[in-house]
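**Q** Residue strings, one per chain:
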Amino acid sequence: MNMFAKALSKTLVASPERQLEADSDWTVVQRVQGGDVAAFDQLIRKYRERVYAVVYNMTSNREDAADLTQDAFIKAFQSIHRFQGQSSFFTWLYRIAVNGTLSHLRKNKLRTFFSFEKIHEEDKAGEVISHLTDKKGADRELFVKELQEKLNEALQKLSIKHRTVVTLFEIDGLSHEEIAEVMDCSVGTVRSRLHYAKQLLQSELQSYVRT
Amino acid sequence: MMSDRLVKNKVTLEEVLRLKRAERPESAFWAQFEQQLRAKQLAAIVERRPWWHLDFSRFSAGVAKLRVPLGATAVIALSIVTVREYRKAEFPNVVEPRSDVSANASNPSAASDEIRLVAAAEQPARAVTSGSESSPAADVSALQMDVQPSVSMAVASAAPHEAHPSGIDEARGGTTDSWAVAADSGSHGFAAIRTASLFLDDSLAPAASDLSGLGRVSSQHELVEPLTQVTSPTESRRERLAALVAPASMKRSSAKTSTERVRDRMISRLSEDELYSSVSRLGVAKGGLSLNF
Numbered sequence: 001m002n003m004f005a006k007a008l009s010k011t012l013v014a015s016p017e018r019q020l021e022a023d024s025d026w027t028v029v030q031r032v033q034g035g036d037v038a039a040f041d042q043l044i045r046k047y048r049e050r051v052y053a054v055v056y057n058m059t060s061n062r063e064d065a066a067d068l069t070q071d072a073f074i075k076a077f078q079s080i081h082r083f084q085g086q087s088s089f090f091t092w093l094y095r096i097a098v099n100g101t102l103s104h105l106r107k108n109k110l111r112t113f114f115s116f117e118k119i120h121e122e123d124k125a126g127e128v129i130s131h132l133t134d135k136k137g138a139d140r141e142l143f144v145k146e147l148q149e150k151l152n153e154a155l156q157k158l159s160i161k162h163r164t165v166v167t168l169f170e171i172d173g174l175s176h177e178e179i180a181e182v183m184d185c186s187v188g189t190v191r192s193r194l195h196y197a198k199q200l201l202q203s204e205l206q207s208y209v210r211t
Numbered sequence: 212m213m214s215d216r217l218v219k220n221k222v223t224l225e226e227v228l229r230l231k232r233a234e235r236p237e238s239a240f241w242a243q244f245e246q247q248l249r250a251k252q253l254a255a256i257v258e259r260r261p262w263w264h265l266d267f268s269r270f271s272a273g274v275a276k277l278r279v280p281l282g283a284t285a286v287i288a289l290s291i292v293t294v295r296e297y298r299k300a301e302f303p304n305v306v307e308p309r310s311d312v313s314a315n316a317s318n319p320s321a322a323s324d325e326i327r328l329v330a331a332a333e334q335p336a337r338a339v340t341s342g343s344e345s346s347p348a349a350d351v352s353a354l355q356m357d358v359q360p361s362v363s364m365a366v367a368s369a370a371p372h373e374a375h376p377s378g379i380d381e382a383r384g385g386t387t388d389s390w391a392v393a394a395d396s397g398s399h400g401f402a403a404i405r406t407a408s409l410f411l412d413d414s415l416a417p418a419a420s421d422l423s424g425l426g427r428v429s430s431q432h433e434l435v436e437p438l439t440q441v442t443s444p445t446e447s448r449r450e451r452l453a454a455l456v457a458p459a460s461m462k463r464s465s466a467k468t469s470t471e472r473v474r475d476r477m478i479s480r481l482s483e484d485e486l487y488s489s490v491s492r493l494g495v496a497k498g499g500l501s502l503n504f
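So the sequence lines, in the order shown, correspond to chains A and B. In terms of this note's numbering, the first sequence opens at residue 1 and continues consecutively. In terms of this note's numbering, the second sequence opens at residue 212 and continues consecutively.
Calculated directly from the structure, the hints in this document are not laboratory data. Be aware that one or more of the hints could be misleading.
Every beta carbon over 10 Å from chain B, so not counted as near; a handful from chain A, in silico [to be verified]:
| id | residue |
| --- | --- |
| 1 | Tyr56 |
| 2 | Asn99 |
| 3 | Lys124 |
What the simulated footprint calls covered on chain A by chain B, stretch by stretch (three residues with Cβ under 8 Å from a Cβ of chain B suffice, anywhere in the stretch; the number is not a length) [as the list claims (entries may be wrong)]:
| id | stretch |
| --- | --- |
| 4 | 18-28 |
| 5 | 43-49 |
| 6 | 125-137 |
Glycine residues also receive a C-beta, built at the ideal position from the N, C-alpha and C atoms.
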């Protein structure tokens with residue numbers, strides 16, 4: 001009961017959707033801990049896109065992102081018996097993925113090789129692109145590719161920690177508290193890093209971004 | 212800047228960063244991703260352990276299999292050693308027939324000789340006390356049959372005395388001193404047994420030199436007198452034996468002695484003092500026999 005209360009107090013800061021998600025994840029995790037190994041596949045299918053997105057936006061390399069995401073799931077599977085439900089599962093999984101990615105980026109600081117995923121214009125991305133340009137066809141594709149390169153270059157100019165904060169907040173949509181929990185730092189530090197990172201990105205992307 | 216010329220309207224930074232959310236892999240990528248993840252998951256499950264872990268687990272498994280038999284063997288060995296040491300410490304100067312047998316367990320012939328010798332030593336004494344119909348000389352010859360050749364040689368050295376014509380004649384001829392002759396023959400038997408025992412000790416000593424404690428035990432044999440093992444006949448038993456034997460001796464005897472006289476003589480011959488004095492007159496040495504008058 002004490003463990004459940006701790007988990008509840010942690011997840012109360014999150015949104016109700018996050019709370020429901022955390023509860024259902026905890027049920028699946030308990031099944032895995034009880035020996036139902038196949039139940040872990042549910043967690044993989046549920047979080048693989050989100051974890052991959054975080055790692056990809058941190059590394060800007062799809063091959064590295066795929067390997068690091070797989071490693072994160074393997075580590076989570078191997079140490080799931082240590083997960084006590086004191087935090088939500090996705091926060092715990094994010095922490096594993098972010099720490100692995102940070103370690104990878106520190107090891108390969110000098111090696112910067114980009115390989116981008118294709119931008120899918122079905123969602124709001126198409127509106128943004130249409131707002132930026134009137135081009136059609138191949139010219140539009142060229143414009144999008146140029147924008148993508150500029151955006152990733154600007155992100156790579158940030159430090160690893162600033163890039164991580166921006167990725168988790170602006171791209172993945174985590175709250176300040178959740179980012180603080182994932183990165184094992186205070187909420188003030190998260191806000192500070194986020195502010196500084198936005199300033200840098202603003203200056204780097206001033207051709208596309210209005211002040 | 213080409214971008215400045217191409218951009219129609221500027222957007223917010225948040226909207227630009229939202230483009231990053233649209234960077235997603237194709238569905239085929241996830242099939243490959245899942246396949247690679249399965250392979251890594253299996254590799255992590257069946258991860259090869261270091262060789263020292265494997266060897267240690269094999270060693271511990273082997274020891275676990277042998278744990279019970281080894282423990283039982285160790286307990287049995289410890290208890291045997293403890294019992295042996297305890298018995299030696301408790302009876303340091305006393306001959307232990309069981310320890311002799313156990314010490315000779317590795318040499319079954321020696322052990323059987325010892326046992327047979329003890330049994331044969333009791334036989335003449337019984338014959339003397341009970342006044343058996345068979346002659347003591349026959350008992351001694353039975354002893355010769357039982358013991359091993361080395362022992363038989365020792366007994367054979369005493370055989371000329373037993374085969375003394377006068378002794379045999381007196382015993383079989385039914386003279387008035389037949390019981391005295393029988394007693395003498397009995398004492399000869401004891402002497403022969405003692406000779407055989409000494410000879411047996413000498414012959415067994417080299418064979419048992421590698422066994423600890425056997426030499427000590429065999430030297431302790433010399434301290435034991437054969438006659439001390441013979442129980443002294445009580446007065447009533449002596450009377451009963453005399454009553455049983457007297458008619459037979461009367462039949463065989465051609466002399467004209469009375470029954471009382473024969474009985475008295477028998478009783479006097481069967482007495483312990485007489486028996487001991489007759490034996491003490493015999494000097495037994497290795498391979499020789501001296502008689503004091």
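**Q** For every hint, state whether the structure bears it out.
**A** Structure-based check of all given hints:
| no. | hint | in the structure |
| --- | --- | --- |
| 1 | Tyr56 | violated, 7 Å |
| 2 | Asn99 | holds, 18 Å |
| 3 | Lys124 | violated, 6 Å |
| 4 | 18-28 | violated (count 0) |
| 5 | 43-49 | holds (count 3) |
| 6 | 125-137 | holds (count 8) |
Hint violations for this structure: numbers 1, 3, 4, all remaining hints satisfied.
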